[in-house]
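Combine both chains into one complex, guided by the hints.
In order, the protein sequences belong to chains A and B. Quick note: the first sequence uses my numbering, first residue 1, plus one each step. Quick note: the second sequence uses my numbering, first residue 1, plus one each step.
Be careful, since some hints might not be right.
[What the hints assert, rightly or not] Listed next, with one range per pair, are the computed distances between beta-carbon atoms: (1) A:W96 to B:H563: 45 to 51 Å; (2) A:A68 to B:S674: 43 to 49 Å; (3) A:F86 to B:L625: 54 to 60 Å.
[Unchecked claim] Reference listing, derived: stretches of chain B covered by chain A, where coverage requires no fewer than 3 residues with Cβ under 8 Å from a Cβ of chain A: (4) 665-677; (5) 732-743.
Because the hints were derived from the structure by calculation, they are not lab data. Here the structure is a predicted model, which is why all the values come from computation and not from measurement. The beta-carbon is built from N, C-alpha and C at its ideal position, and this holds for glycine as well.
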Amino acid sequence: MNTVIFRTITPLIVAIMLVFSVYVCLRGHNEPGGGFIGGLIAASAIAILGMATGAEAARRALRLDPLAIAGFGVFIAGLSGLLSLFTGSPFMTSIWLYLELGQTTLPLSTPLVFDIGVYLVVFGTIATIALALEGEGEEDL
Amino acid sequence: MGPGMDASIALVAIAPFVAALLAPLVQRAARPFAGWVLALVPAGLFLLLLTMVEPVISTGAISARIGWIPTYGLDLSFVVDGLSLTFALTISGIGTLIVLYSGAYLKGHPHLGRFFAFLLAFMGAMLGLVLADNMLALFMFWELTSVTSFLLIGFDHTRQASRRGAIQALVITNIGGMGLLVGAILVHQLTGVWDMSALGDEIRASGLYGLVLAAFLAAAFTKSAQVPFHFWLPNAMEAPTPVSAFLHSATMVQGGVYLLARTTPWLGDTQVWTLILVCVGGATLLWGAIGALRQTDLKQMLAQSTIASLGLSVLLIGLGTEAAIAAMLLYFVAHALYKAGLFMVAGAIDHEAGTRDITVLGGLADSMPVTFIAAALASLTMIGLPLTLGYFAKEEMYLGLVTGQWPDIAVLAVLLAGNAMLAGLAMLVLVKPFLGPVLPTPKSAHEAPIAMLVGPIVLGAASIVAGVMPDWLGHTLLEPGTLAILRETVSSHLSLAINPASVLLWLSVATWVLGYLVYLQAAAVRTLARRFEAALGWTADTVFDVVMFGLIRFSGAVTRLLHHGRLEVYLVTVFAALALALILPVLMLGGYDVLLPTAELGDWSAKLSWPDLQLYEWGIIALALVGLGAVLLAPNRLVAIVALGIQGTAVALIFLLLGAPDIAFTQFMVEILSVVILALVMTRLRLDERDHRQLEDLARDGTLALVCGAGVSLFLMVVLSGTLDTRLSDLFAATSVPIAHGHNIVNVILVDYRGFDTLGEISVVMAAGIAVMALLRRGPKRPVPPAPTSRRSQKAAS
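For reference, chain B alone in the conformation it holds in the complex (with noise of 0.2 Å):
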């Protein structure tokens, strides 16, 4: 394809990024028509996406790469082919209508352009991923969406059930995501290509095939809230209603379903594979179908029943056949369209009436007529009736099962309940807000704004026309989409024509009856329902909690044991290491060795002999003896450090003396400032002007304090006994003043031939000056303790 097809599926992944950072701008601009204005980004991209439809039919599928990290061979590869155009136009569409209803349904709320730029962020993040054909890049995108979409469960922050809904997603689906990126990784070590569509047999055939597989169906599963990660679903529903219809739809838990339906053509179709997915998808759609009975807050019941269609498709995408892929293409579009619908419907009757629970309300059809439409025909479509896009969807669902065998039967019969339930679910939302009586409620409900009615109706009328076009629905959707999940050509033989001898009618016929039980018996279910979840006792949600106390009360306790503020221990700690590491290391190498005297030497101690010293070295090293007796006898503390003073400016002196005058200067300066420092230390600690130790102190920290400086003496005369290396040192002379053009190789090498170290440093040195800050400013704020008594110096073993 030409770059300008490349051009255009880059723009689809980028252009809501850009919108999301104007947003808040445009929303201060066309303050009441925001929504309309910021809903013309996913329309056009909706309009963009049309216009690749016939491409893709013909072709199967239009790829394109921009590079990304050339150096690592690396590229931003997308492809949109029948799977990737279903879920993208999906996510534009529905986006669209739900920037349109966040308008009107969080009108004049103070932080609304925040929150189209989360939501816009959302969908870019969401588009990617299903765009992305480059592993890394879906990982990338993957990540986005788990911590957009934590920005959006969590933006009515201030209430604790939201925070921890906001954090308990997105700890979940990041585990997941740890997950995709290990088995891209493994991938990538198996195979060398990061591209999906790249991949054969090659995994299938490794040997760490179950490794891979784990990796993803972790991400997978995780995303699209499989048993049992299926808990952070509900508590998500702490999010604005919007942000629940965008999510819960079209995006973020389909995810999953997405990757798994990506990764079928490379990792699927195994045994293990239908086993795993079909079991844990059927226990999801039995789980949430039950889950979604016991509610009677519509939004609970919605979010319930999403886990349940997850779990659907999951098990569809198991299945793996044909009819199996194209239900759950066919699912996938119809369930989108009708629990957005319904989540708008429920969002607008909690914004007119005033509350959410189904006890209470009833015979709002009268007052809300527009919107009983819309709900009407998002329920006609989740219940599954013929003209409706859900009755192809059962229909596929069901196709592949009749064949007599019992693992197919039990399936079918997962199926069948499960359907039955959410069929049940449908009559339920349907007719107990909107039928029977008038009831009270909190506010006199009457329609909603028209930016609300647009996305249920919209949607609605969308399945039903979706549903009367059976052959351009299989035409579009079923060939291409099931060309890109299976690799093979499949030809969709959907129809309108009701056919009375064919069992799948009669199957589509128990799930009514069944469903319309469960809605006679709505009460007793429910009760049922709950009375099974008390008896649980423990959900993984109380799991959750645990482990995560537990977590925190872990890295508490870690904290404490290695940074308990006893600055004595500390100091003992990185004496007592330094010691270590410079005498274990040489003594297990026998590098002592060398010191010691040789055989032939007969009485060694014979010949020793004083070394030939003038007087003035003599002196100086008369006065480091000075300085370090003067520190052991110093009568207070402030007299030992200036005396540690004197010690190091003897030192500095015989660094002057052998022809190192740069590192001289260097040591009269750090002598210099680390007295005056060390002294307003001193002042700042409030210590006892005498330093008391115990004797058993004094012991330990002189001890340290020998072997500390035994250990320096004894290293450099092994290093000094061996010949030296010279060959950097030199090199340095002889080009110092060629390439460098300095005399002073020592600060050469500390700008130039070293600089990056230097450079390094300086970062490390400002850090310093930072923490200092930190600590120090620290203190006025609460009352300095007083001095205890036994504290010890902080020069314990210097």
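Just chain A, with the same shape it has in the complex (with noise of 0.2 Å):
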């Protein structure tokens, strides 16, 4: 499996997947994608890096901890929720913000904060139980 075509190409994969995973967790709110697909095609990428080059290498890519990620994840989206409440509205109420940017608006919101959340989640806690599986095997092959 880890042919010479396969480790070089990774890179390359790899990238596209992490800017296509961006890409269709933004869309998400009016096409099809979102913070889960995201985040599962992230760590698709992360699991295929980690095939290609070991885990351990993957890891180092990654500078974070996945689990942190996915505990910063939860954290965020949990705080997402908290922010409706500084305006006396009940817990998760979303709150609208449009930048006017030139020509065009710039719509931010408390759910795109909390699909974030919910990508980094889905994207940390996959990546760890893959990076996990491929660092054991290594040990016993």
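Okay, here's the thing in structure tokens:
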């Protein structure tokens, strides 16, 4: 499985997948996609990287412990819900903010932050499991 | 009362906790003087409480109320009346001396800061307990005293006996704590109030009186170490001596006595109340006194005598007459003063002479004169000689019982016997270590440091001062105290005058004479008491051990039964349950009827036709079937996993065609990742490459798979045969853009409409990740066992 072709092409695939995952996550509110799918794509990318370069190298490339990323995801998802409490609305009431940037309008919202949280949780958790399994596999084989 | 009073009452309950947080820092900064610095907190509270004495005498009670959980109408309400003020003053006063004493007793201990923190937190819990009016607040402080006393008793946690004592105290008092919670909730259900001061006759009139009484008595009896829950108290002696001096004089164990006194106005004064309290209290008094005479260790003698004193207090509350309640109040203060003093003396002797065994101690009066004076003052109060507080307590006890009726005479006899034994014990504690010939001790005895002497001397002096001021005592202690417990004004009649014609005097004299006889025959009494205990064989202490070990074994057995570690059985259970859950409800509600052909259809099989599908749609179905066949025929596990992926991809394609791109998208990703992860797990498990199964296993797994599949299909068909309620999806479709600003309804539902569900789900996902990490990390530490050849694939039923 660990062929030269696979190893050579992996960084390219992984880079494209990661960018695509962010794209899928951000467009999710209006078109097919969202944090969950984006997270799965990104996690697959890391799983592929782990197969090609080994779990340790993949972990180094991530820089952050994937489980910490997942924890941060839960944290900001919860936090995005708490923001509405400051406006006197119930927990998780969405807040929208439209930024005028020249020709275009950039909509920012607490559901977006929440979705990013979902992305990070899914990505972090699946990456943790995949890398842990790949790492163990290396030791055993 | 104004906000100033509210704030100061709340301060009393909260300040010790703040001090507890700061204690380790103070200890580090003011190393040799930490005890003196930290003692300022309880001392300040003591003075603050003193300022409330006058208002309480004039108004009867001060109450304070702070909003707590307004949603449930719960307030942190406190009440300061004669009863709670007496307890609070005693707790903070003795607490001050204990903090001072601990600083010297545990000097140089590496965890002294932690000790101070526990001690102050415990004191805060105790103060909150006696000041709380709201029953839930009372429960909270009650449990806090259990937890903090657990920390204190187990302070010396490297010793097994100490840990056992701590756990025992926690278990026993927590069982009672549950009783208190049940009682509080019952009372609230019956009357609608949480504040004890608002309760009147409602509970006594209610049919549930027995249950409420049982709940509160369970709490009081466990906390106050009444027979048969008394055994935790002597075991709690494993704590450092200052802790014992505090817990077993004015606090912890007095919590139960306090609770009984506090509940008397609305729970007491019934026949069953009197009967239970007098019997249990009397039994505890005698049992504790005999137990104390059995011991030769000073600390154990005092501990057992505390049980006796608690029994005495409970008995007095049970009697509930004016004289008995007055006696209870006087006895509480007298006992707190002399018991704390004697414990501190015992600690000083242990500290300076190196042993606490009265049979090897003697003649310490010369080398430890100040300690001797303190011990003498405390012992005289314990014996109850005139001019001490103990004298009044004893007079009041006997006062209500000289009626000549036989139940009173019986109680009087029990009291006389108990008091005599305690008096004899006091003489033993005073004479054996301090007088007589000087005996060699492990350490050459000398006077204890000043911080260890202040406590016993001050306490001893206090009981003498109180003993010569009967009018003041009656006015400040008795009258407000009995008003709080009996809710009626009682005028004090304490007097120093000795009336030789009074039978009370002769009862006191009888107590002293009997006590002296006990003292003289101490060795014989001890042998007798030991023989008695040996004859009993089983004690409540052994029962506790048996029950605890039984519980541990039981939970082990249950765990092994449910959590046996055989993956195959887990999976069979899960899928069997799934099949039942799918099929049974629909079957029982007659749901499958809609799928049956109706009668007017005639020969229905002739009317069946192939669905009109496009070629590519047939292609996808073929792909799914190919995947399924490949799973069944796969030569090894890896091929089976990949084949399952093919089948899943076909399902994803169907979703895509039916206009659910989001689900299809997710399905693709899940299929890919599950194939990857399953393949990785396979390599981890070191299974055989091939999947060997017995024929009967194949039959079982195959049946299960077919039933599950059929169940899902039939369930979906039933659901689709009815009319779908589309109100929700219509609402989402209509409002997705205007109020949620999103065109992708699936995503809007996930992150906005049902965002709270998603938050829960991602938390579960993360928890699953942590669990997987924990499982995998456990692996490398122990050698992986070789795979058994008949191990089955975990994909058994899918």
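Against the structure, the hints come out as follows:
{"no.": "1", "hint": "A:W96 to B:H563: 45 to 51 Å", "in the structure": "holds, 48 Å"}
{"no.": "2", "hint": "A:A68 to B:S674: 43 to 49 Å", "in the structure": "violated, 24 Å"}
{"no.": "3", "hint": "A:F86 to B:L625: 54 to 60 Å", "in the structure": "holds, 56 Å"}
{"no.": "4", "hint": "665-677", "in the structure": "holds (count 8)"}
{"no.": "5", "hint": "732-743", "in the structure": "holds (count 4)"}
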